[in-house]
Amino acid sequence: MANALVNVPARARRGEIIEIKTLISHPMETGYRRTQVGAPIPRDIIRLFVCTYNGVEVFRAELHPAIAANPFLAFSTVATESGTLAFRWTGDNGFEATESVTISVD
Amino acid sequence: MERGESRREFLRAAGGAAAGLGLGAVLTVRPARATPDEMKAAIARVAGSARVTRGRVTLELPPLSENGNTVPLVVEVESPMTPAHHVKAIHVFTELNPQPYVVSVRLGPRAGRARVSTRIRLANTQTVVAVAELSDGSFWSASAQVVVTLAACLEDA
Numbered sequence: 001m002a003n004a005l006v007n008v009p010a011r012a013r014r015g016e017i018i019e020i021k022t023l024i025s026h027p028m029e030t031g032y033r034r035t036q037v038g039a040p041i042p043r044d045i046i047r048l049f050v051c052t053y054n055g056v057e058v059f060r061a062e063l064h065p066a067i068a069a070n071p072f073l074a075f076s077t078v079a080t081e082s083g084t085l086a087f088r089w090t091g092d093n094g095f096e097a098t099e100s101v102t103i104s105v106d
Numbered sequence: 001m002e003r004g005e006s007r008r009e010f011l012r013a014a015g016g017a018a019a020g021l022g023l024g025a026v027l028t029v030r031p032a033r034a035t036p037d038e039m040k041a042a043i044a045r046v047a048g049s050a051r052v053t054r055g056r057v058t059l060e061l062p063p064l065s066e067n068g069n070t071v072p073l074v075v076e077v078e079s080p081m082t083p084a085h086h087v088k089a090i091h092v093f094t095e096l097n098p099q100p101y102v103v104s105v106r107l108g109p110r111a112g113r114a115r116v117s118t119r120i121r122l123a124n125t126q127t128v129v130a131v132a133e134l135s136d137g138s139f140w141s142a143s144a145q146v147v148v149t150l151a152a153c154l155e156d157a
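Line by line, the protein sequences are chains L and Y.
Here the first sequence is numbered in the working numbering, starting from 1 and rising by one per residue.
Here the second sequence is numbered in the working numbering, starting from 1 and rising by one per residue.
Only chain L is shown next, with the shape it has when bound in the complex:
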């Protein structure tokens, strides 16, 4: 199971723009490298990251092999209501990881 780290403020004022930082452990193998005996190493990357806020998608990123290993993504969203921010990473070889945090908005 991949190790995902998500940083979201626990509390926010309504209408405030909050920054979300995410980091997940993954080799992001490009598919362009070879082993020392010359055999190609197959591609193994995270292809898609989606963030939903109380079930509504607010951010989506399509990743390519040019994203560094252990993909880091930072973006923002407007704190509209208390609830759950859910994060989902999917990729090659059936890779799937999810994480969720709660935020209270007043």
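Bear in mind the hints are in silico, worked out from the structure with no lab data behind them.
Being a predicted model, the structure only gives us computed values, none of them experimental.
What you were told as hints is all true, and nothing was included just to trick you.
Some chain L residues close to chain Y (C-beta under 8 Å, calculated; not the full set):
(1) L63
(2) A68
(3) A74
Where a beta carbon is used, it is the ideal one built from N, C-alpha and C, also for glycine.
Could you slot chain Y onto chain L? The hints should help.
Chain Y alone, transformed into the frame defined by chain L:
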């Protein structure tokens, strides 16, 4: 005598065949990198027939990177991020990586501000381009040149 000649002919024929094979191999090997033209084609695929104008986008990258395996990148687009006027998508492209695509993000008015950061790989000293798609259908771009000392993708596993 006859035997010697046939051996010589055999060697000549074999040498010719080997040279031919070698040449064939050289011609079929394609370097694993995109070209600036492929990057332009990739941008055209995203923008379609719309014109991509320089401006409104800020692309922050270090001018010199010692390690191409992880280069911090920040893209910011000037936009009020209202339901009427917002950034729909941001795409990042490179000129000389094996593929021109780096990342495509989709966002909307709920983002509050159009700013995204991540870490990318760069196989070479090259130009990186960020293209933003706005809700009014216009496309804006910015580019940055990065000098890479240690290239990504070259080390053995």
